[in-house]
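Engineer: Here is how the chains run, residue by residue.
Number of protein chains: 2
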Amino acid sequence: MRDIYILGVGQIPVTKETDQSIRRLAADAVRAALADAEIERVGALYVGNMLSGMLSQQQHLGALVADAAGLRGVEAATAEAACSSGAAALRWGIMAIASGLHDVVVVAGVEKMTHTDRYETTRALATASDWETEGSKGHNFISLNAVIMQEYIRRYRVNRSLFAAFSLNAHRNAITNPYALFRKEVTILDYEQSRIVHEPIRLYDAAPVCNGAAAVVLAAGDKVARSRAGRPPVQVVASAAATDSVGIADRRDLLLLDGVMFSSRRAYAQADVLPADIDIFELHDAYTIMAVLSLEAAGFARPGQGLWLGVDGEIGLHGRVPISTMGGLKARGHPVGATGLYQIVELYLQLTGQAGPNQVPNARIGMAQNIGGTGATVITHILKRCD
Amino acid sequence: MRDIYILGVGQIPVTKETDQSIRRLAADAVRAALADAEIERVGALYVGNMLSGMLSQQQHLGALVADAAGLRGVEAATAEAACSSGAAALRWGIMAIASGLHDVVVVAGVEKMTHTDRYETTRALATASDWETEGSKGHNFISLNAVIMQEYIRRYRVNRSLFAAFSLNAHRNAITNPYALFRKEVTILDYEQSRIVHEPIRLYDAAPVCNGAAAVVLAAGDKVARSRAGRPPVQVVASAAATDSVGIADRRDLLLLDGVMFSSRRAYAQADVLPADIDIFELHDAYTIMAVLSLEAAGFARPGQGLWLGVDGEIGLHGRVPISTMGGLKARGHPVGATGLYQIVELYLQLTGQAGPNQVPNARIGMAQNIGGTGATVITHILKRCD
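Protein chains in written order, with the working numbering: chain F, 1 to 387; chain L, 1 to 387.
It is possible that some hints are incorrect.
Identical copies look the same in the list; a pair holds intra-copy or inter-copy alike.
[Unchecked claim] Mimicking SDA-like on lysine to any residue, the simulated pairs with C-alpha atoms at most 25 Å apart in a straight line are:
#1 384 <-> 314
#2 137 <-> 35
#3 384 <-> 19
#4 184 <-> 18
#5 16 <-> 224
#6 384 <-> 100
#7 137 <-> 182
#8 16 <-> 159
#9 137 <-> 121
#10 137 <-> 41
#11 137 <-> 117
#12 137 <-> 19
#13 137 <-> 103
#14 137 <-> 40
#15 137 <-> 157
#16 184 <-> 359
#17 384 <-> 233
#18 137 <-> 320
#19 384 <-> 140
#20 184 <-> 13
If you are wondering where the hints come from, they were derived from the structure by calculation, not from laboratory data. Treat the numbers as computed from the prediction; the structure is a model and nothing was measured.
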């Protein structure tokens, strides 16, 4: 495979309200990434998006965003894999370059979710579940994650307040991320007094509904003439994907995310690293239980032990496995199709020393993992600072 | 780029009614393609689909169809580019192999469109237009194509009945395709007496709303141990994509499909062929006017002359540029996200001598072109029989 580098990144602030169209949100992120990369033309644009057809009466975002971003004529298309749509688009972009069909591409993720009523948004999100066996039976992602979290609490006999560590860490890191949605301290008291949205999930266990867009410019190593002054080059050293059953009733074990396991292991093999080599793990903390199970299935903790990484402070910026370093899905926000790209933008900022107060010291290898459904599609990327 | 071959194909009959779920339709086509290729495992599944979220409350088809087809665990995702979603998925699969990330993949296209009321389906299809400037103003694809056809008739001063040649050719070829939706002769009288759905478009100028699924198995040349007995190998010698403005008011000329021109020229250059070398052109005849403009922009006729290829009988099975050889979008049917794969399945049958009564004699090089919107996304593939 050709060496692939990140040339530049762009993002817009995550919001709860916007008067911009979805094409404008995406085009703004694309233009920011092109400007950061100091280039004007690319061979293709891939867009990660899940909900635009249902919530904005607009499919065909590839061609639409390309034109709005000043790229009329280039190849363009949309990738969809539920909440992992962003990473799916990134993977497409990587393949486009690795195949030799393109030398430079831009990948964007975008979602606009707050302009419709809450019922409509929740119903659209439930199309990521197995609609026949879950969505149409009244399940949504809060209730599905509640089933899993309840089982974790039962099997491992843990106090559910322990999950707070993941929420507090994410919110703490979001305070100093100017693109994050929630920039306020959350205390253990706030967590424990927060509303139970679906037993045992509290409001502070779940990522918010919001709008956002992020983008990255990728280029083949042999086409990268120079790296931006003062910035070390960042290489994509692994891209791997795996699936599991969409319906959670079909899983071999509710608490073992096979998709995470297979996707992570494939990525480790490609990059020739082990979990201990990962300096930052931007995981998919749409729910605190998903963060815990991801740490376990990705090999950072044994089953039943992931929770303790949070409780023991090992997930902080100076801990053993820093996660959600810019706020994560929980506090930076989870504009579904954009999340996979926000993760890459944030890793890039970390690996190039541009993360400001959120900088993880000496970060050289970062892993991002984007999940669709409750572990049904899992896409993992590993980035490496090369200097 | 690695050499890529088609190992096998699968399709289900196009229908106006179905009691099957969308996952089942797609899984049936995938299983048929795997059986035809005589393999059981692949590295990835890419699904082309446009409408499932809006009409079947089901996104996340990648993982869902993979599991239903017995492929749980493999990489899987959905590609969307409006009515060119099928070809977009195919292109993703080609890149997956060309990049070296996979050796064998299956690509499927699926659409289920007839189970909702006509208004809902039309509205969902209009999300392929520029919703802000077209769809929300009451435009749909019939009215947009009507604007273009009217301009063709006006500028070139042609009798609108001449468009019948394209409809009659498609219907004639569909009669002997067991997977086609309409298998009946259509006469010039039928055409002229058919209902005007939107001046100047008659019912017989437009492709029908229907259900269907088709799939192909792709493999890297160095991994193809053998070709099926009696079948010549078929190689993918070009894959190219281009975009244009989604809204037709932004085009430089309503009658020049720049997306078709750029996409075709890129494909010709890759395959090192010219239009005269193409033995079959499976074009995107969602409307007769689109067939005419595609022939012109792809270099088979000068502007204003494409219509005459039909009138002069050059588009028939024994003509200079056979099109819609198994019925095309008009008569085989246009289950949107599946169309791009039906085109490839049909080309493969032609190039391997399996097209029965529809066989184009000595067909060695075939081109398929799938269009999203009214020319906004155009994806072109060229296949070559290698023996």
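Engineer: Checking against the hints above, which ones are violated?
Structural biologist: 2, 3, 5, 7, 8, 10, 13, 14, 15, 18, 19
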